[in-house]
Structure formats: C-alpha cells, structure tokens
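Enquirer: Okay, here's what each chain looks like letter by letter:
Number of protein chains: 2
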Amino acid sequence: MTRVEGRRRQGSRPSGGVPQRPFGQVERRVDWVRVISDDQVAAIHAAALDVLARQGLRVLHGPARDLYAQAGARVEGETVRLDPALVAERLATVPGEFTLEARDPRKSLKIGGAHCVYASVGGPAYVMCNDKGRRDGTYAEMCDFLRLVQGLNVLHQEGGCPFEPLDLPANTRHLDIYHAQIRHLDKSWQTQTLGHARTMDGIEMAAIMLGTTAEGLRERPVLLGIINTNSPLQLDVPMAEGLIAMAAHGQVNVITPFTLAGAMAPVTLAGALVLQHAEALAGIVLTQIVRPGVPVMYGGFTSNVDMRSGAPAFGTPEYAKAAQASGQLARHVGVPFRSSNVTAANAVDAQAAYESQMALWGALTGGAHLLEHAAGWLHGGLTASFEKLILDAEMLQMMDAWFEPLATTEADLALDAILEAGAGGHFFGTVHTMERYERAFHAPMVSNWDNYPNWVQRGGIDAAQRANTVWKELLAQAEDPPLDAAVDEALAAYVAQRKAEGGAPMN
Amino acid sequence: MTRVEGRRRQGSRPSGGVPQRPFGQVERRVDWVRVISDDQVAAIHAAALDVLARQGLRVLHGPARDLYAQAGARVEGETVRLDPALVAERLATVPGEFTLEARDPRKSLKIGGAHCVYASVGGPAYVMCNDKGRRDGTYAEMCDFLRLVQGLNVLHQEGGCPFEPLDLPANTRHLDIYHAQIRHLDKSWQTQTLGHARTMDGIEMAAIMLGTTAEGLRERPVLLGIINTNSPLQLDVPMAEGLIAMAAHGQVNVITPFTLAGAMAPVTLAGALVLQHAEALAGIVLTQIVRPGVPVMYGGFTSNVDMRSGAPAFGTPEYAKAAQASGQLARHVGVPFRSSNVTAANAVDAQAAYESQMALWGALTGGAHLLEHAAGWLHGGLTASFEKLILDAEMLQMMDAWFEPLATTEADLALDAILEAGAGGHFFGTVHTMERYERAFHAPMVSNWDNYPNWVQRGGIDAAQRANTVWKELLAQAEDPPLDAAVDEALAAYVAQRKAEGGAPMN
Chain W
0 MTRVEGRRRQ GSRPSGGVPQ RPFGQVERRV DWVRVISDDQ VAAIHAAALD VLARQGLRVL
60 HGPARDLYAQ AGARVEGETV RLDPALVAER LATVPGEFTL EARDPRKSLK IGGAHCVYAS
120 VGGPAYVMCN DKGRRDGTYA EMCDFLRLVQ GLNVLHQEGG CPFEPLDLPA NTRHLDIYHA
180 QIRHLDKSWQ TQTLGHARTM DGIEMAAIML GTTAEGLRER PVLLGIINTN SPLQLDVPMA
240 EGLIAMAAHG QVNVITPFTL AGAMAPVTLA GALVLQHAEA LAGIVLTQIV RPGVPVMYGG
300 FTSNVDMRSG APAFGTPEYA KAAQASGQLA RHVGVPFRSS NVTAANAVDA QAAYESQMAL
360 WGALTGGAHL LEHAAGWLHG GLTASFEKLI LDAEMLQMMD AWFEPLATTE ADLALDAILE
420 AGAGGHFFGT VHTMERYERA FHAPMVSNWD NYPNWVQRGG IDAAQRANTV WKELLAQAED
480 PPLDAAVDEA LAAYVAQRKA EGGAPMN
Chain F
0 MTRVEGRRRQ GSRPSGGVPQ RPFGQVERRV DWVRVISDDQ VAAIHAAALD VLARQGLRVL
60 HGPARDLYAQ AGARVEGETV RLDPALVAER LATVPGEFTL EARDPRKSLK IGGAHCVYAS
120 VGGPAYVMCN DKGRRDGTYA EMCDFLRLVQ GLNVLHQEGG CPFEPLDLPA NTRHLDIYHA
180 QIRHLDKSWQ TQTLGHARTM DGIEMAAIML GTTAEGLRER PVLLGIINTN SPLQLDVPMA
240 EGLIAMAAHG QVNVITPFTL AGAMAPVTLA GALVLQHAEA LAGIVLTQIV RPGVPVMYGG
300 FTSNVDMRSG APAFGTPEYA KAAQASGQLA RHVGVPFRSS NVTAANAVDA QAAYESQMAL
360 WGALTGGAHL LEHAAGWLHG GLTASFEKLI LDAEMLQMMD AWFEPLATTE ADLALDAILE
420 AGAGGHFFGT VHTMERYERA FHAPMVSNWD NYPNWVQRGG IDAAQRANTV WKELLAQAED
480 PPLDAAVDEA LAAYVAQRKA EGGAPMN
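Line order of the protein sequences matches chains W and F. With numbering that gives the first Met the number 0, the residue at position 439 of the first sequence is 438, and numbering never jumps. With numbering that gives the first Met the number 0, the residue at position 250 of the second sequence is 249, and numbering never jumps.
Just chain W, with the same shape it has in the complex (with noise of 0.2 Å):
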C-alpha cells in the first residue's frame, strides 16, 4: 500500500473528534454473490412478462394508461397488458449508468456500475432516540437529523426526509422539507413523487438551487424519488403522476414494488420475486414510454412476514437471499439496482445489528447501485432513529474497508518485514509497520476494543449508547454548507408563494 492509499483509507480524526473517512464512493471490483443460476434468472425473468401479458398491472391513473396505450399495450378497463417485445423494446433505452448532481459538484454522484449510493433513511413518521425514546417527528429534529446526514461523510446522499415533521401542515410540508434539504445539505437529496404537485415543487426547487429552470434539468438528473407500486400488480394515482412528472424532467423513479412474501405477494421467495420482476418492469416501460433514455432504477424490496403473527420482517435470510436474487434479476435486464439497509428491531440491540447486517451483506454483495435506509431505519421503517443512524454509519464505514482491495505489491506481501522481525520476534517496531500502522485499518466510530476490566472501569458503556455520544458530538460540530443567498431568498419566495397557494392537495 502506497503513502497516498494509506491516507485516503484511514481518513481524519480532528482533535477529540469522531473518526470518519472523508467523502466519497468506494469503487467494488469483486464479484457479485449468486444465489441463482443464470437458467433461474431466465425462469423468473420470462414468468413476470408472462404475468404482464397474462394478468396485466391496474393503473388507476388515466393519462398513465393513455401512455401505455400509445406505445402499444393493451389496456382494457383499467387494466394495462405488456406483450414481451414491448417490455424489451422500452428496456432498451434504459442508461446502465449515469451521474446524480448535488448541490457541490464534488459530491455530484456515480449511479451503475462499479458504484453504489448510501442514502439516509427516508419516510418514517417517528424519531426516536436513547434518551426520549420514540415520539411524533417534528421539523426541529428533521433539521438536526439533516445536519448529521451531512456531517456523516460515509453517506452520499439524504434519503427523501428523515422522518415526517408532524407538527408541520400536511398540504405543505414538503416544502419546508425541501428547503431544509438545500439548506442543511450540500449532498444530493431525494425527493417526494406523491403527487403531481409535490413532484414539481421538488423539481423546482432543485432547479433554484441549480440556479436554472424545471425545463433547464431535462438533461441533468439530480433528483431522485421512489416510487412504490401498490402490489400486487396496481399503480395508483399518485405514484403515477409523480413518476411521469419526473421522468417527463429528466429525474430519476427508483420503481420499487413491496412484495412482502406471504401477504402482498406469494409466499415462495421465487413468486415474490416474479411479482416484484414484474411490477418493476411494468414502472420502468412507463417511464421510457414518457422519455426514452431517462435514468432510472429497479427497486427490489421482497421480504417475508413473520409466519406466527402476518407482522412484516426484515433484514432475514430471505431478505438477504432475495436481495442477490434481485440483483441477478437487475442485471438481467440492464437496469441499475435499488436495495435497502432494514430491520424490524425496536432497539438499537445486538436484533437491530444482526438484522441490519444481513440486509448489507445481501444489497452489498448483491450489486446494488443504491443502498436506500442505509442509515437510521428502525422498527420496520417506521421511526428514524439517531443512535441506529450512527450505527449504520460504523457499519457502512465497515463495508466500504472490506470492499477496498487487499494489495499484494512486494511492500505489501511484507518479505522484507518477515525476514526481519525473525522467528519469535514482533512486528510492532519494524520500519514496515511503523510506516503504515497509523493508517493501515479500519478506525471505528462506535466499536469499543478496550478489556474488560477497562471497559467497566471505563463504565460500562454499551455501543448503543456510545452511539449516543457520537451523534451528540457530530451534532455539536455541525456546521450548515454555504447557500448563495440569493438562492435561499429565492427558494423561500417560492415556498412563500406555493404556501399561499394552497400547497398540494391531499391524497
């Protein structure tokens, strides 16, 4: 390992401060885990088009079906039938890979690939934290979950709001959201697609930050949005007219069906999958239908509900498995890969690490392009939590080593170094460990190494409070980016003026 290596690899540790990597995306080179034979991929593969051309998906969103129809489905009632070749046809003009823009450049975004995103946490209702426990989200604590989204340098981009700021106005509450985003990151954030409305404020909004026009980013991906179908096999009216208004500019529908094995969809990993394929599938033609070559994602959140109880779980051997599976299935099709960092724990315990570990391991090594909730997801994703954000962000920080490659350069296989220290010698002295060993490992933010007599003397302190500590800390050193402040007045005005509009009608 070369000098320049060993530094981009440790990063810095500010005086008393927690020890982070800087910014930016660790390149994976290794390959990607199969669970399934490629003759599997095509089985799963050719039973969803089936589905679509034999079941077809609901649309209840009359222009979406017009779309459909336009480019050749069959659309009967409500319901939108794909025949293969047009399912082909419109894969075809998906990008492999693209660039999201942030807000600062240098943290504009590699999406396919070799790359992968981590997205903070986005949708719950609830914030919860060691010392309150979980209560209603409020827009204070959004802007200081945002403020630690951006300290976090092993997060690439703020996931669509933490959690809901409850005590805001549901009509326009996603536009303080969005200006807190800008102001508070200077990261790439998503954004809301429920709805036309909030749609267009997100894309405008960005377009003030961008100082250009909705019209001025056809070209320039920067937003991001999920959009969830309603599995089984149902579109609804706002997801679709969020998905059409983001693809009509440009922006990026990360299509996402949730096929929960055993409720929403079958109860055989195979099944859900072929559900998920083709729900999937159906979102991504649509979106090709509106603009041909605009980016977009393929989403696989299959899980399974706990068969005692019906309660959704995550972050299991199946989750993990499916997860492989559907980046086979991604890769099939030639669609950059969404996947997920969850848990159904309700603590930040050993449940809340297990769980979450599975799910990284499985979207990791898996391939995904985008790890959404990859950091702060708890109970199922419905609460926000700050220690399990600092968590999360340790075991990013993990991932990212392990994915680094392990150099076998002459220095690095160390002959010298063996020669030298000699049979029962030690290596603490040599000149080959004392060139490196500052910046030769993995330097944890949460993981305690101490022995046990120190640690008790030391208190005691487990890591879910110690993750107490660090976001403490984080929260302490924040420091909000730089915003022109024409564009912060100009983003208000905005706000101002939609506000006084009325906000978006509610769904």
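None of these hints come from the bench; they were simulated from the model. Be a bit skeptical, because a hint or two may be false.
[As the list claims (entries may be wrong)] Simulated restraints on C-beta separations:
hint, chain 1, residue 1, chain 2, residue 2, range
1, W, A139, F, R457, 30 to 36 Å
2, F, R28, W, Q464, 39 to 45 Å
3, W, P504, F, S36, 56 to 62 Å
4, F, Q69, W, G421, 24 to 30 Å
5, W, D37, F, V74, 52 to 58 Å
[To be verified] Covered by chain F, per the in silico footprint, the following chain W stretches (three or more residues, Cβ under 8 Å):
hint, stretch
6, 46–55
7, 222–235
8, 297–307
9, 339–351
10, 423–436
11, 441–453
12, 458–469
Backbone N, C-alpha and C define an ideal beta-carbon position, used for all residues, glycine too.
Given chain W's structure and the hints, the job is docking chain F onto it.
Expert: Showing chain F alone in chain W's frame:
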C-alpha cells in the same frame, strides 16, 4: 418446495419451546467470495514458500526437528527450513474431505467439500451471563454450558471446553473435562493438544467412548484439536507434542497461526497472510511426515490490532477479508479450511452482533469447512457468554437458511397464485400460501418482530435479555444423552487412574 423440504427447513417448535431446526449440516452450493485474484493467491503462496526456505520455522521440540530432518528438511540448530518441493510432496497426501465420527453416529460430521461444521466456543478462562456478570469458570457451570451446546441443534461440534473450570486442579482438569464432554454430549467434541499427556488422555478416552483402543482409532478420525503456532514462525514443545500424538493416532490437527497484523505479523494484510500461510504449511507438512494421509485442516486466524492502543480487534473488515483470502489459500493447497466467529465486544450488544456478522459472512462466504468459536465467544476470546451462545446460534440458523437454495420449480414461481390473487388482491388466503406458510421462512429464537407499542407493553425486552430467557429455557429442558453405564464406568476408572498417576505435567 415439496412438503418434505418444507418440514426440514422449518424445524420443530415443541410446545412453548425454542424454535430450532433439526441437527444437520446444510450443503453450500454457492460460489465462494474471492477477494484476491488467482495471481495474488499464487504470489502469497510463493512468498510463504520463500519464507520457509530462507527464514524457516524455529521448532523447539527435538523429536519434531528430527522428523522434519528425516523427511529432507534442512535443520540447523532449532531452525527448520523447508524447500518448495518438500512442501509440495507432503501437501499431496492431505485428504480433501473426510468424516469425523461422533458418539452418536447420526451426528458424525462431513469435513470438506460443500459442508461446514459449527463448533462452539473453546478456550476462554472466564464465563459471563447477564445476571452475574463476568467471573472465573467453574466445573458446574461448564457442564451447564455443555448441556446447552448439546441442546442447540445448529451446533455440530463442541469446541474443546467452553471455559476453563478453574475450581479444578490444572494438572488433572483435562480428564474431568473430557469425561464431561462425553457424558453431556453425543455430538463430536474437540480435544486438548497442549502436550503429549493431555493429548493421549483425549485419545484414550475417545477410544473408550467408542469401545475401542487408541490403536483402533488410527483409521477412524474422531477427535479434532487446535494447534497454534507461536507466530511469528515458532512451534513450541507442547504444541509439537500434541500435533505428533494426534497425527500418529490418525486424529485431526487444525494448524492455526495467530497472525495479528501489526503485532505478531506484518501490518499489511498480504504480509500477515504470507506469514499465516508459511506457518500453516509447516504444520501441515509435519502431520503428513508423521502419518501420510492423516486428515488435517488449514486454520486462518488473521486479524489486526487497534492502531490506537495495540489491542487485538476482531470481526473487523480486515478480518472478514483475510478470512475470505485464507479460504482461497487453503483451496489453493487442497486442505480443508477453518475460520472463526469472533468479536472484541464486552457486552452482548450491537457491536457483538455486527462484529460477529462480519466474521460470519467472511468465514462462511469464504468457504470455511470448520467454523471455530461459532457460538459463545466474547471479549476477544477471553470469555464464554451464555447469552452470546444463544445470539450466535440464532445467527448461525440465519446463515443456514441463507445457504438453502432458492427453488424455482413451477410451483415456486407461483404463477397460478399470482393470477388467483389478481391486481390489488392478497396472498394470505391463497391455496399456495396455505400449503406453505407455516414452513416457508426462518423461524427465529431471539428476534422479536412485535410492533413497537406491543413490544413496549410486553416489557421492552432487548435481544440480550431475550437470549437470557432462551438459554434458561433450553437448560431447564436439557437431558443428557444416554451413555452406556459400562462405558461411563470405564471412563471413570481411567480418570481415577490418571489422577492417581498425577495427571499431566505442568508446562
């Protein structure tokens, strides 16, 4: 999935009991994760051969040096140098697969190929539980721990005494341990290899267990013992005596250098692997000199120090990567591979879980044939924990479920069920679900999937405390497997005689 497969997968849940799958080894039909190229494997192998030819191994045991010398090694003082041709010649006689007998022949184990053995923690001095904290090990508690190892179906093998019973005299302790291992387990158990006497006592007592003699075991591998080289590049007297006695009697040595990068090994992972490989090869060669064709395993235990304190770290990204590279190196020389489930955590918290998960994914996707310390290890191996034992058993069950093939028969693809449910329907009530849901998914013993209000109402019990409940429930149900009274008497007589003789000399 057929009904029979389903039954096998889901396992039994006795009324009110702990959900477990039946005893058995799950075949692994995935491609192992490769973190280095074939060229890099060859480079590390070549460098290790260079170390053995130029620096050599310091062997403190005269008879071992003589064995090396008779086989053609260059011996000079205590230093034994091995030429590449000698190493290659001796590697050629190592069996790639073999069977290890257990007291209950239905629990005999396949080692090598697509199979893996999960062995419980071995070696700590301390024991710990949530109720009483960490304390010295005792014989009574050791027996309780053995009963749990017997009762946990996911564990294939006992790992050589979970913690030292410090209330027994050091010179005869091993005799009581062996007797307890045979009494409380009908599973395979590991023996102690510290010196000739302890090793022979294990062999003699295993022979009594099977109704044969030490001579009669020569073609029947039943015992497995760990041989640690003293890194760097030393083999001490007790370990050499143990290795020779085991190999001479046809028993299995697991040659495991403890190559801690930055301390007893070079600070680069590649350098640590060169040293590990050199030491493992030297030990493996000695077993084949003693008895050509005797089963032996390649142990990989490369980890790294904390660069801030010098403390050993476990379950790090470097550990996982080294485990996978070690699997590649072991396959390169055709020797079955041993890895471990490790953590440096001081509590059964999120750190314990994520470090163990890193180790598990590293070891098991790296192709380990023996997972040492698979359950119960805490504090970097200084402590055996009752709750960690359960937490690990849960994670091992999850890994086994992950390894089960994803089936894609026509019934698995579930096209009929998808058409039956239709757009906007659900799968709870379909025939396809009804026939399968009880056995479709991994059933956890520790994970709690309640929603948050229910979880709080039921006491807000975290994973570590749930594990506490599980081991107590298992221990209350534990029954020793039947042991022929004559065998038990013969063992007692052997123990009494050896105690009268003074046991083993103290090293």
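Enquirer: Hints broken by the structure, by number, lowest first?
Expert: Checked against the structure, no hint fails, so every one of them is satisfied.
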